[in-house]
Amino acid sequence: MGKIVGVFGTAHILMAPVGIEETADKVFKGMVEIGNRVRQTRPDILVVITGDHMFNINQDFQIPICVGISDEWIPFGDLNTGARPFPGHRKLAEAFVNLAADHGYDITKSEALRPDHGVTLPLRFISSKNDIPVVPVLININMTPLPKPERFYALGDVLKKTVEQDLLPETRVAVIATGGLSHWLFVPRMGEVNVEWDRNFIAKMINGKAAELARMSASEIVEHAGNGGIEVVAWLMAAATLPGRKGHEIYYEPVPQWSTGMGGIAIVD
Amino acid sequence: MASYKTEKLVQDLSTLPGVAERYKCDRVRILDEYGVPESDRPALLNGTPPALAGIGLHPVLQIHFLLATDVNASRIFDGVLLNRLESE
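Read top to bottom, the protein sequences are chains A and B. Note that numbering that gives the first Met the number 0 has the first sequence beginning at 0, numbered continuously upward. Note that numbering that gives the first Met the number 0 has the second sequence beginning at 0, numbered continuously upward.
Just so you know, the hints here were simulated from the structure itself, not pulled from any lab data. A virtual CB, placed ideally from N, CA and C, is assigned to each residue, including glycine. Treat each hint with caution, since some may be false.
Among chain B residues calculated to face chain A with C-beta under 10 Å, some are [said to hold, decoys possible]: (1) Gln-10; (2) Ala-50; (3) Leu-51; (4) Ile-54; (5) Val-59; (6) Ile-62; (7) Ser-73; (8) Arg-74; (9) Phe-76; (10) Leu-84.
Construct the entire structure; sequences and hints are all you get.
Take a look at the structure:
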């Protein structure tokens, strides 16, 4: 059976560092360390869970959850994150969707999604050779109904079971959640960072209390962490693959100039 | 909320090759092509965040629109930090 060897959460934007060079450097080094820690787990496969930014899931087809099943991905290359292809992992992706169906989840499969910065920015820090197969999991955080945290936490357990049941023995899988933390995008509160909320979220995540966080409602997260902060549902889903496990904060910097609380954690088996 | 036809145009500006270039050359023609309602057009032609918000354009699509049409907006993601990865 396969094994979840690590769960990581990290922000997925980097903006111009002008005027905030010291803070930006801390964030950059934090992302570098996330990449180091992922590689230290020697993953055979990466599952990257992220909110889509309407490059794939948009008003045309308002898909709640999408899993990429292709053998190869061609990224969008948005936000200067690069467009080099990288491999997928069809077997894990399809097994996950099938098991999820047994558990009452109707997940859309995609051969043709184009990974955006939610996948490609963290990947730049993790896999410079772009040679570790990636299963992208896209969560629709932009349209109603918003993702229910508890439901996605439970879906993380399905992912864990898939890895344990459907992969060759000793296959090592790292789960990376990207996005967050608190940010309001192009709404009146844009520029705010809820430092207290972010620090509490990180503290609970690294103390094995993601299940408790998952009892929040989506509207509660949006109220306290913004219409962008709902991306943390990805972190909750990832945490469910190593339930109750404790980890470490790798970086946290409130960056109002980037309109985002920038954070990263590592939970290793 | 902005018309679906308006949001469809904005989606295509950042995802379909050539649409952004054509829009920059002849905005009214593209607005006609997509059937953007008259009520939404002043906001797109104005192009500022308050104008786009005023017609209820989805916040994420506001970002798409600005990145596709405003060179200054795209500079905030200049890749300077990511470029360090190549040298370190």
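(request) May I ask which of the numbered hints given earlier this structure violates, with the numbers listed in increasing order? (result) 2 and 4
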